[in-house]
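Colleague: Taken in sequence, the protein lines are chains A and U. Heads up, the first sequence is in the working numbering, so the first residue is 1 and it goes up one at a time. Heads up, the second sequence is in the working numbering, so the first residue is 1 and it goes up one at a time.
Because the hints were derived from the structure by calculation, they are not lab data. Think of the CB as a built atom: it goes at the ideal place given N, C-alpha and C, for glycine as much as any other residue. It is possible that part of the hints are untrue.
One-sided and incomplete, this derived list gives chain U residues near chain A with beta-carbon spacing under 8 Å [stated by the list, open to error]:
id	residue
1	P84
2	G89
3	D93
4	A96
5	I98
6	I100
7	A101
8	I104
9	R112
10	N116
11	V147
12	L151
13	G266
14	L278
15	L282
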Amino acid sequence: MSKRTVLWIAFVVLLLWIPLYAEGFWLQTGLFAMSAAIGAIGLTLLVGSTGQLSLATAFFVAIGAYGYCFLAGEKGGFGGAISAPDGLGWPPLLAAIAAVALAGLAGAAFSPIAGRLKGIYLGLASIGLVFIGQHILQNAQAVTGGFNGRDAPAFDLFGFHFADDHPSDLVVFGVPYGQLERLWYLGLLLVALSMWYARNLLRQRPGRALEAIRDSEIAAAVMGVSVPGYRAAAFTVSSAYAGLAGVFLALSFGRVVPESFGFLYSIDFLVMIVIGGLGSIGGAVVGAVIVSALPQVLLHYADRLPLVAPPGGGGLQPGDAARFLYGAAVVVVLIFASDGLAGLRRRVRLRNRKPEGSIA
Amino acid sequence: MSQFFELLLSGMMLGCIYGLIAMGFVIVFKATNVVNFAHASIVMLGAFLVAKWHGSLGFVGAIAISAVVCAAAGALLDLVFIRPLRRRGAGIDALAIITIALNILLGTQLIRMVGNDLLPSGAPWGAKTTSLLGADIPQARLVAAIVAIALMGVFFLAFTRSDWGVAMRSAASDPEAAALMGIRLSRVAAGAWAVAGALAAIAGAFFVSFPAGGVSNATGLLALSAIPVAVLGGLDSTAGALVGGLLIGVAQQLTAGYQDNLAFLGRGLSNVVPYIVLFVVLLWRPSGLFGTREVTRV
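My request is simple: use the sequences and hints to build the entire structure.
Modeller: Put into structure tokens, the structure is as follows:
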């Protein structure tokens with residue numbers, strides 16, 4: 001076994017062990033990071049590999065989140081037996097799959113615009129989706145619950161509940177496994193599947209086609225790549241990823257509110273993939289972890305860090321401090337290392353390898 | 001009918017303010033190929049400075065100083081952040097993304113400074129209205145429209161007649177040839193950013209005046225409406241910025257005025273109308289109303 005394999009196995013074991021030690025706060029932070037990672041992988045497929053800027057991620061995440069809550073929610077809300085937003089009462093697994101498909105379909109439905117618009121025009125137009133999405137979330141109260149949002153039904157896999165009950169006394173090595181611990185493993189699985197699928201997609205025919213489009217649309221078209229078709233497909237796949245991120249976000253938060261899916265949330269996703277390195281899947285995951293965990297970490301240690309004030313007090317708030325940090329990170333990355341963390345890693349590796357590999 | 005006319009008129013005046021904001025956006029795009037998201041923060045900075053200084057300098061004086069500061073801020077952003085990227089031949093996306101990051105930095109700082117306050121813009125007209133052709137129009141909006149149109153007129157003249165305008169147009173149409181003719185591209189670029197900054201400051205001061213409440217922590221987000229305006233008119237068309245502004249201003253005022261009749265579409269529709277108009281226009285004309293269509297030659 002090479003050193004790398006050993007390190008990887010150690011890393012995976014560490015990830016699997018975390019719920020045995022970490023408190024709820026860190027698990028919750030981790031779940032948010034996993035959701036963000038799935039969305040960021042989808043976005044990097046679109047922005048990094050296809051070269052198509054999109055600022056609409058928050059909209060598609062919202063479709064996934066609300067879609068799941070609506071499809072899996074209890075029947076007969078609003079005017080029916082219970083005073084909650086309406087639902088269809090589907091089994092959670094089916095609802096989750098359908099919600100992802102729904103987000104993908106929404107992406108496909110946008111493709112008449114996506115296929116016609118070029119480059120930056122599409123990126124700017126996609127902002128509109130976020131604002132229109134906000135409007136729908138606030139106003140379609142029967143489905144979304146309006147300003148107050150709605151609860152997310154717990155996930156369920158063949159009778160195993162990803163909540164605190166069914167089985168209600170699940171204990172692993174003396175640690176009670178509740179909702180957060182159970183979701184942790186579901187999240188790891190989903191992130192791993194997302195990475196695997198994206199890697200395969202990029203390595204094969206579609207990936208090469210997308211990269212050809214990014215490098216030169218005309219050349220790609222001349223080589224027989226259907227440019228509008230692939231671009232629409234990339235938009236669809238990326239939206240489906242965002243939808244999956246939304247489903248998992250709803251599960252780990254337990255509730256969805258419109259406020260979470262605003263324009264700034266879209267920007268967060270863009271920041272993640274830029275910090276990680278555009279087009280790099282591992283980079284997107286690392287960027288997602290950094291951007292979603294940073295505010296939480298600063299919040300948690302606010303009383304011990306210099307310059308950062310505890311929430312409510314005067315001075316620099318943890319949320320603002322996080323925004324400054326990652327805003328600055330994007331500037332630094334773009335000016336000094338435009339390929340982000342992934343590029344940095346590649347360069348370090350090349351430098352280390354040189355002495356052995358060079359033929360003297 | 002009189003209500004319709006009133007809404008139409010006030011919409012056009014709001015549109016002039018939008019047009020002025022969008023024009024700065026378009027100038028920067030034309031001269032440097034940068035989609036400048038930080039423009040929204042500069043609008044907010046301009047409005048904030050006017051709100052802060054109008055007490056000691058008077059409204060006009062505060063606008064003048066604020067315009068100078070914002071022009072300097074714009075030029076500084078170009079020199080420090082955009083130029084290194086441009087030198088390296090960064091693509092339009094990377095340039096757009098760095099301005100998004102700059103918008104985060106500037107916007108976060110401005111939001112911290114404004115806090116939860118609502119700072120009055122300091123416009124001397126207050127909430128007074130004037131009767132114009134039988135319609136009641138806020139005086140601040142009327143002045144804003146006159147100033148905006150005058151500024152655009154001056155800009156069109158400068159753009160077509162002055163050396164600076166010629167330099168900028170040639171830099172926009174063919175940077176290499178312009179450089180060979182002795183035009184300093186970096187100076188043209190910084191100049192465009194400065195002009196955009198000054199326009200943003202003036203537009204910002206009127207943007208938050210009556211009937212708007214003043215500078216709040218949402219001003220930067222609201223100023224993002226300049227993006228659909230600019231895209232609608234065509235990203236590289238200054239005339240398009242005005243037409244786009246008028247269209248969106250009127251559409252917004254009409255939906256706000258008739259919101260009782262549009263209640264089935266939900267509350268707050270006027271905030272999303274710019275984007276709905278944008279989608280409709282883009283489906284019909286993918287490069288905006290007056291934007292240059294990209295022609296591909298092999």
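Colleague: Confirm or reject each hint.
Modeller: Hint by hint, here is what the structure shows:
no.: 1; hint: P84; result: holds (5 Å)
no.: 2; hint: G89; result: violated (10 Å)
no.: 3; hint: D93; result: holds (5 Å)
no.: 4; hint: A96; result: holds (7 Å)
no.: 5; hint: I98; result: holds (5 Å)
no.: 6; hint: I100; result: holds (6 Å)
no.: 7; hint: A101; result: holds (4 Å)
no.: 8; hint: I104; result: holds (4 Å)
no.: 9; hint: R112; result: holds (6 Å)
no.: 10; hint: N116; result: violated (13 Å)
no.: 11; hint: V147; result: violated (27 Å)
no.: 12; hint: L151; result: violated (24 Å)
no.: 13; hint: G266; result: holds (3 Å)
no.: 14; hint: L278; result: holds (5 Å)
no.: 15; hint: L282; result: holds (6 Å)
The structure shown violates the earlier hints numbered 2, 10, 11, 12.
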